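Colleague: In terms of this note's numbering, the sequence shown is residues -6 to 38.
Hints may contain errors.
Label-pair restraints from in silico Cβ distances [stated by the list, open to error]:
| id | residue 1 | residue 2 | range |
| --- | --- | --- | --- |
| 1 | I18 | K(-4) | 16 to 26 Å |
| 2 | I18 | A(-2) | 35 to 45 Å |
| 3 | S34 | T(-1) | 38 to 48 Å |
| 4 | A(-2) | V35 | 40 to 50 Å |
| 5 | A(-2) | V33 | 31 to 41 Å |
| 6 | Y22 | T(-1) | 15 to 25 Å |
Read the hints as simulated data drawn from the structure, not as lab findings.
Keep in mind that this is a model prediction, so the values were computed, not measured.
Cβ atoms here follow ideal geometry from the backbone N, Cα and C, with glycine treated the same way.
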Amino acid sequence: MHKDATAAFWTSNSSVRVRRLAVFIKLQYWRIVVHLSSTVSVGSV
């Protein structure tokens, strides 16, 4: 049942917005990762 709901969700018209949101989240995630890694490297040195 959950899989059917997920399939209906991904095939809906909002799939484009969902993909854009996913890309946005990925970019934010990598920004945070880079920021944290640079902070840790500076702190360890």
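Colleague: If a hint holds in the structure, say so; if it doesn't, say that too.
Modeller: Evaluation of the provided hints:
Checking the proposed 16 to 26 Å range against I18 and K(-4) shows it holds: the Cβ atoms sit about 22 Å from each other. Distance hint check for I18 and A(-2): the Cβ-Cβ separation is about 21 Å, which falls outside the suggested range of 35 to 45 Å. Between S34 and T(-1) the beta carbons are some 39 Å apart, a value that agrees with the proposed interval 38 to 48 Å. Separated by about 45 Å at the C-beta atoms, A(-2) and V35 satisfy the suggested range of 40 to 50 Å.
At about 40 Å, the CB distance of A(-2) to V33 agrees with the hint of 31 to 41 Å. A hinted range of 15 to 25 Å holds for the C-beta pair Y22 and T(-1), which are about 22 Å apart.
Figure legend: structure checked against the earlier numbered hints; the only hint not met is number 2.
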